[in-house]
Structures are given as C-alpha cells and as structure tokens.
Amino acid sequence: MSSSMEQLYQQVILDHSKKPHGQGLVDLTAAFASESHQVNPTCGDEVTLRAQFAETADGRRVVESISWEGQGCSISQASLSVLTDLVTGQDVATTERLGSVFRDLMGSRGKGLDEELEDELGDAAAFTGVSQFPARIKCALLGWSALRDTLATSGVLEGVGAAGATAASHHEHQHEHA
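In my numbering, the protein residues as written are 883 to 1060.
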C-alpha cells in the first residue's frame, strides 16, 4: 500500500467505518427535526440522515441527536460517524461553522488547515488525506450535505441570533484571505 493510500485510510477512518456511531434511524419526535436523503451519483453512495434539535433554557438551539442509515464506501460511512460525534450537543451556529471548516478541509488538496481549525474538527481532521483524491471528496461530504439540508429544512435556523451568523461569516471571511 502506498503512503498516500495509508494516509487515505487512516486508522481513525477505519475504526469509524467498522463501528459507526449514530447508525440506525431514530423516529423524529422533536419540535425541530428533519430528514434528508442524499446520493452521490458518482459512486452510488447514499445516506438518509435524521437530525433532531432542542432549545436550551437560554434559547440556544442545539443538535439533540443525529441518526442515519447509509450504504457506501468506508470513507462515506466513517464521515457520517465522525459527523455524529462532532455535532451532537453542539449549538446550531457551531454546527454550521464545523461544516464550513470540514468543507474547507476537503478543499485543501491534502494540505490540511491550520492546527487550531483541525483541532476543532477532532477525528474529522483524519480526512485530510481524503482531500487529495477528488473522487473521494464527495464521499466524505455526503453526510455533511445531508446535515446542512436538515438545518435548512427543519426551521432551526429561523431565529438563530446574529451571533451565530456572525461566527459563520467570520470563519468564511478568514479563509478568503488565507
């Protein structure tokens, strides 16, 4: 196996692929909840993702739970597992920012991001090697596309304070000048 292939299938990805977190759809019961079905037409990977959101006592909306069913390569399945761990319990603005950082990572062509941003991604930073392979980037982004769709269709973004929007646009602004 070449070193680039070793990097592609890092142990973290393999572990999440073998023992995925969040797999198995859960009924939607929360006031803010949504389901998204996404297909990667290039390779046939597909996922159905359900997200439920809760509102905290201080009015923040947080990701209460993520559940999903999917078929596809180890990269798409591991990415869904990592996504589940990373965003569950996070507020909506943070979830959007993490999605944006992950998309930036996939656009890095294997160069990665600065250490602080990769630290925010936790296990998702293991996908740096995947970003060298354009055909695999869509596999890694499949679950993130489904999550983004649930954020848009659940209604959870309505009423999110300007602080969340500011944090997301600040992050994107930083990368425009990087």
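Just so you know, not all the hints are guaranteed correct.
Below 27 Å or equal to it, Euclidean Cα-Cα: the simulated DSSO-like pairs (lysine-lysine) are [what the hints assert, rightly or not]:
hint, residue 1, residue 2
1, Lys1020, Lys901
2, Lys900, Lys1020
3, Lys993, Lys1020
What follows is a list of derived Cβ distance ranges for each label pair [what the hints assert, rightly or not]:
hint, residue 1, residue 2, range
4, Ala1017, Glu937, 38 to 48 Å
5, Ala913, Gly989, 26 to 36 Å
6, Gly1037, Leu896, 31 to 41 Å
7, Asp996, Ala939, 28 to 38 Å
8, Cys925, Gly992, 16 to 26 Å
9, Ala936, Gly992, 17 to 27 Å
10, Gln905, Phe1015, 23 to 33 Å
FYI, nobody ran anything at the bench for these hints, they're computed from the structure. Every residue, glycine too, gets a C-beta built ideally from N, C-alpha and C.
key: Hint numbers contradicted by this structure   = Per hint list: single violation, 9.
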